[in-house]
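Fit chains B, C and D to the supplied structure of chain A, relying on the hints for placement.
Residue numbers (full-length UniProt numbering), protein chains in the order written: chain A, 1 to 321; chain B, 1 to 321; chain C, 1 to 321; chain D, 1 to 321.
Keep in mind the hints are simulated off the structure, nothing from the lab. No false leads were mixed into what you were given.
Each pair of labels, with its calculated beta carbon distance range:
| hint | chain 1 | residue 1 | chain 2 | residue 2 | range |
| --- | --- | --- | --- | --- | --- |
| 1 | D | P309 | B | D54 | 17 to 27 Å |
| 2 | C | T171 | D | E151 | 40 to 50 Å |
| 3 | D | E59 | B | N104 | 50 to 60 Å |
| 4 | B | D54 | D | H277 | 27 to 37 Å |
| 5 | A | P87 | C | E59 | 50 to 60 Å |
Cut-off 30 Å, straight-line C-alpha distance, at most; resulting in silico cross-link-like pairs (BS3-like, lysine-lysine):
| hint | chain 1 | residue 1 | chain 2 | residue 2 |
| --- | --- | --- | --- | --- |
| 6 | B | K148 | C | K280 |
| 7 | D | K150 | A | K148 |
| 8 | D | K102 | A | K276 |
| 9 | B | K148 | C | K150 |
| 10 | C | K102 | B | K280 |
| 11 | C | K150 | B | K280 |
Interface residues of chain B toward chain A, partial, derived using beta-carbon atoms under 10 Å:
| hint | residue |
| --- | --- |
| 12 | T162 |
| 13 | N167 |
| 14 | T171 |
Glycine included, each C-beta is placed from N, C-alpha and C at the ideal position.
There are 4 protein chains.
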Amino acid sequence: MVNVGIIGGAGYTAGELLRILIWHPQANISFVQSTSHMGHPVSDVHRDLFGDTDLSFSEADYKAIDVLFICSGHGKTKLFLKENNLPEAVKIIDLSTDFRPKANEKGFVYGLPEINKAKIANADKIANPGCFATCIELGLLPLANESKLKEEVHVTAITGSTGAGQNPTSTSHFSWKNNNVSVYKAFTHQHLAEITETVLQLQPNFDKEINFIPVRGNFSRGIMATIYTDCDWSAEEAVEKYKTYYKNHPFVSISNISPDVKQVVNTNKCVLYLEKHGSKLMIISVIDNLLKGASGQAVQNMNLLFGMPEILGLGLKPVGF
Amino acid sequence: MVNVGIIGGAGYTAGELLRILIWHPQANISFVQSTSHMGHPVSDVHRDLFGDTDLSFSEADYKAIDVLFICSGHGKTKLFLKENNLPEAVKIIDLSTDFRPKANEKGFVYGLPEINKAKIANADKIANPGCFATCIELGLLPLANESKLKEEVHVTAITGSTGAGQNPTSTSHFSWKNNNVSVYKAFTHQHLAEITETVLQLQPNFDKEINFIPVRGNFSRGIMATIYTDCDWSAEEAVEKYKTYYKNHPFVSISNISPDVKQVVNTNKCVLYLEKHGSKLMIISVIDNLLKGASGQAVQNMNLLFGMPEILGLGLKPVGF
Amino acid sequence: MVNVGIIGGAGYTAGELLRILIWHPQANISFVQSTSHMGHPVSDVHRDLFGDTDLSFSEADYKAIDVLFICSGHGKTKLFLKENNLPEAVKIIDLSTDFRPKANEKGFVYGLPEINKAKIANADKIANPGCFATCIELGLLPLANESKLKEEVHVTAITGSTGAGQNPTSTSHFSWKNNNVSVYKAFTHQHLAEITETVLQLQPNFDKEINFIPVRGNFSRGIMATIYTDCDWSAEEAVEKYKTYYKNHPFVSISNISPDVKQVVNTNKCVLYLEKHGSKLMIISVIDNLLKGASGQAVQNMNLLFGMPEILGLGLKPVGF
Amino acid sequence: MVNVGIIGGAGYTAGELLRILIWHPQANISFVQSTSHMGHPVSDVHRDLFGDTDLSFSEADYKAIDVLFICSGHGKTKLFLKENNLPEAVKIIDLSTDFRPKANEKGFVYGLPEINKAKIANADKIANPGCFATCIELGLLPLANESKLKEEVHVTAITGSTGAGQNPTSTSHFSWKNNNVSVYKAFTHQHLAEITETVLQLQPNFDKEINFIPVRGNFSRGIMATIYTDCDWSAEEAVEKYKTYYKNHPFVSISNISPDVKQVVNTNKCVLYLEKHGSKLMIISVIDNLLKGASGQAVQNMNLLFGMPEILGLGLKPVGF
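With the rest of the complex left out, here is chain A (with noise of 0.2 Å):
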C-alpha cells in the first residue's frame, strides 16, 4: 500500500486524483492540504466526491507518505519546495510546468512513460508533463523515433474549458463560452518548450518548427490534436510504425477510425488515427486533458514508481456520452 499526500487539495487536478485515488486498490490517501478549505469535508469542494469518501482537508504531514502529489499551481512548486524540507524517502510528483523544461538537469524525471518508462521507475522526482503536451508528443514520437520529422509540423488542438482551471474568468464564464470557440496563445503557447526538448530527445537534429494553434472549445473535457507533417512512410507503414512504437504502452492505441475527443473522456487513454495525404502525414491524438493529459497520468507514474502495475486504478469506465 503506497501512502499518498495531496497539496492545493482544492484545484481541478488534485480533485481528480481524488477521483482515481479513492478506488486505487493499492492507494491510502493520507492527507489532502489544502489553505483555504482547511477542515471541511473534501466532498464540499469536489462535490461529485459526496458519497464516496469523508476524507477532510488537513494539514500536511510529510513523515506519514511514500508520495507527494504537488497540485499548487505553476510557479508555486519551486517556492514549495524551497520552504519545506521533505523527508528523503518521499517521492514528489509535480503537476505543475516548474520542473519540465530541462527537468533532468534538476534533478527531477519528464514524466511522460511512453519515453522515460524506465527512468521514471528508478526517479525520486518526476515532472508531470503538460496536457497540450502529451497529446501532441504521442502523436510524435514515432516519427522522431525514427528521424522522420523533416519539414515544418502543423498542429491545432482543441482543449476543453477543465484546462484553464476553476478560477472563475470572462472567457470561463458559461454565458461567453456556450456554443463558442477562440484562438488563444497562437504559435506562442508554453507548452511548445516542452513538446520541442521531447521531440529533440529522440531526434536530436530536429530543426524546423512546430507551427501550434491552440482552440479554447466549449466542452468541459477532452483534447483534440490535428498534426501534420512530410514524411516518406506510406499509410501502411506509418501505421505499422505506431503500433510497434506503442507496442508495451497500455494507454496508447491506434484506430483505423477517425476518433472523436469523447470516447476517451474520463479514460487515461490516448487513441491515435492516421491518414496520408500527398508527401502529408495527418496523426489525430485525442486525450481527457485531466486524466492522460494530468491526474490519470500522475497516478501512471506513481504505479511505475513504485513496481506496481502500469494500469492499476487506471482501469477507468469511460464515460461515453
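What follows is chains B, C and D alone, placed relative to chain A:
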C-alpha cells in the same frame, strides 16, 4: 425619432437593448453610460456589436434624451433617482426590481403590456417586469381575468444562464454549468411578489399559494415555465379563452404544438401551449429571458410610451438553432 | 467468477453494461450478442471501448453463462423469452419495461435494491427499474415507509438525451436539441405505473395523484427530479428519517447542499436533498440515468443475485465536469 | 417590392431565408414550395416562425416571382433546371454546389460580393458560395489581390452542426455530438475547389497547396477558420491592406481583438483578425454558416441583383449569447 439614453451600459440587459436599438427605425442612441468603461468603444464590451456601431461609452447627458433606460442592477435605481435630478420630460424605463412591487404607489407603471397597455401609453415611468415573472404571468393572465384561479398553482421554470448576469461566479463557470442543471431559491424566488400582485390585479380574490421552483438550465437564453392548476374549462374552452385574451397582443401566441424554448430565442415572442389532464390545466410558456423577459419588453414599452407601433424594431430574426 | 451474456448488445444500456463489466473483478463476459453487428468488434459500435477490449459481437451461447442481461428494447423481452428456452440455471436481468408492472405475478422481482434487497438476493429473474422511476421512487420511499404520503405529489424531472436511446430522430438531432428544453408526456409518462406500484408496496393506503412532468434536457446523462408534497415532518426529522431509511444502502446519500445533476454523472449514486417550505417537503433527487437508472443498477442487482458485495465493480470514477 | 419564390422550403437554408425575408422591407414571399409538406403551415416545420407568419407550403408559381431561391440540396438544382422551364425574367439564386465550380462557363456568377459585386449586379443566375468557402476566401482575398500567396496555406476550420443539414444521422445525434469534436474530410473537402478557383481569379499564378482540415464543432451555428501562410507584410501593413480591400464591403470588418465565433452568430457579418508570427501571417475568420455562409449571403445577392442597398433586411440583431 426618439432620443435614447442608457445607464449601466456594460451589463447584459444594456447590451441587449443596444442590439435592438441600433436597428430600430425610430430610435437614436444619444449616449450609453458606463462608469467602468467610459471612453471605450461599446463593441469592446459587447463584442457582437463590432461592425455594427462606432458608439463609445460616455457620460450621461439627460437634456439630450426623451427616454432613459436604467440598467444599473437591482437596488441601484432608487439610489440613482435620489442622486440625479432628471428633467421632467425624460421618461424612465427601469429594468431593475426596485419599483416593481407596488409600482403604482411609487409613481411607476408595471410594464407588462399584456395587462397594462393603456396605462403604459400614458405613463412617465415604467417598472419593466422580471424575466420569470413575465413568463409565468403570461401563462396565468387569462385564468385570472376570469377569476379561474381557485386552487394552488404549481410552477417549475428553467432559465438560461444570462438570467444570472455577467458576474463570473462558481455557478456561472462553464466547467461546472456545462451539461448541468440545479435548483435554486425554491418556493422563495423574489419574482413571486410581482407575480402574485399581477394576478391579484385581475383576480382580487385569489388567495392560494403559487409554488415556484426555479431551475438553472445549461443554455444561454430562454425560459420555459410549466404551470398547472385546477380549472373547470375544457381544453378547447381554455384555448379559446387564451386566444381571446391575447387577440390584441402581437407578441403572444397560443400554439397547438408543445413548444421548445429555442423557438422563441432571439425574439420578443411568448408562445403558450395548453393541455388538460383530469381536472388540471397545464400551461407551458416560453420566452427569451433577455428579450420579452427584459430588454425586448423594455423597447415594447418605449414604443407604447411614444405612440409608435408596438412591434416597431422588434421584428427580430429568431436564431432558430 | 460470474459468466455473463448480453443480448441486444449494440444499444446504449448494453454499452454501459460493458463499460462496467470489463473492469468488474468477478465478471467474465461470455458473449455480447447483436443481430445487426454480428462478427464486428464491440468497439466499432461503442467507440469509447477501443483500447479496452477485443471482444466481438457473437451469437448467444446460453449454456456458457450464469446470468443474462436482456437489453433488447421495450416490448421485445416477452417475445424473446417465449422463443428461447433458456437453461433453468441462468438468471435473468431484464432492462426493458416488459416485466416491471406487476413483476411478482409474472415471476420477476422488481430490481430496486433499496426496497427489495432481500427478495433480489433470492430471485431468478429481475425486472430492472426505469430511470425516471428509480430517481423518483428513491425520493419517495422513506415517506411511503412511514405512510406519510397523504396529499398529491408534484414531480418535475429533467432527463439527459441518452434516456431516449440511440435511434436518430428529430428530437435527438443536435441542431434542435442543443441549448433547448421541452416537455413530453406530461401527466402520462409510462413510468407512473411502476412508481405508483412501488409506493403502494410500502404504503398500501396511498390514493392521491402523482403529477409528473418529464422534461427533455440538453445534456447527455443524468436525471434531476424535484418532488414536493405535504408532510408534517420538520426539516430535521425528514433528514433523520431519510438517513435512517438509507443507512444500509451504499449508493444513496442525503446531502445538506442542494445537488446538481453532474455530481452523480458516471456513478451509480443517488443524492437526495430536502427542504421544508411551509407544510411542504421538497425532495431533490439526482441520478445518472444510464447507471443507477439502468445498467449500474443492473450490475448492482447481479452482485446481489450472486452474493457478492453490492458495490463490487461499481466504485466508479465520477466524470466531475 | 421584389416577389420571391423558394423551392426546397423545408430545409435549413430555406428556413433561414424565411427568417430574414419575413422582415425584409422590399421582399414579398410569393410561395414556399415543399414536396413533403405541401399544404402545411411553414411554422409547423420552422417552429421558430410560429407567430411571425401564416404562410403555408404551396406549389411553385414561377410567373408570380422576380427571383427564385433554390434550396433543394446539392446535386438537385441541375436536374430541377433541366425539368423546369422558368420564365426568362426570373432571376435565380442557387444555394447548392451545383454551379459553383466554373460558374462562368455555366452562365452563373459566383455570388461572393466581396470579389464579384459588379458582376452580381448584372447577373441573372447566382451560384451562392459554400459556407467554409466563404469564411476561408474572405480570409485570403486581400492576399491574393496583391499576389502575396507564395507558399502553402494552412487552414483548420470548425463548423456548427447546422452545416450538415437536418437529416438525422449518427454524427448529428445529440448524445454523440454533445461535448464532442471530430475531424472529417481532411485535405479533401469539396469546398477546396471553389476556394482555389476564387484565389486564382485574383492571383492566377498561385500554385501552392491549400491544406484544409474541417472539424465538426459541438455548437449549432458558426464557422471559425484559422489560416496561416508565409507573407512579407508586417502586421501593420497586413491590417492596412485588409482594411483597404474591404472598405466598400459592409459585412466584413477587421478586428484588433481576437474574435470568437459567437460574436457573429445570427448576423451576416464576417470578422477578420490578423497576427504576425515570424514570417507567418495568421488570419482568423468567423462567420455564421447559415447567414454569411448561406442564406444571408443569398439575400445580400438578391439586394445587389435588384439594385437595392446591399444591407437591406440584413441589419440583424446578433444573438450575443
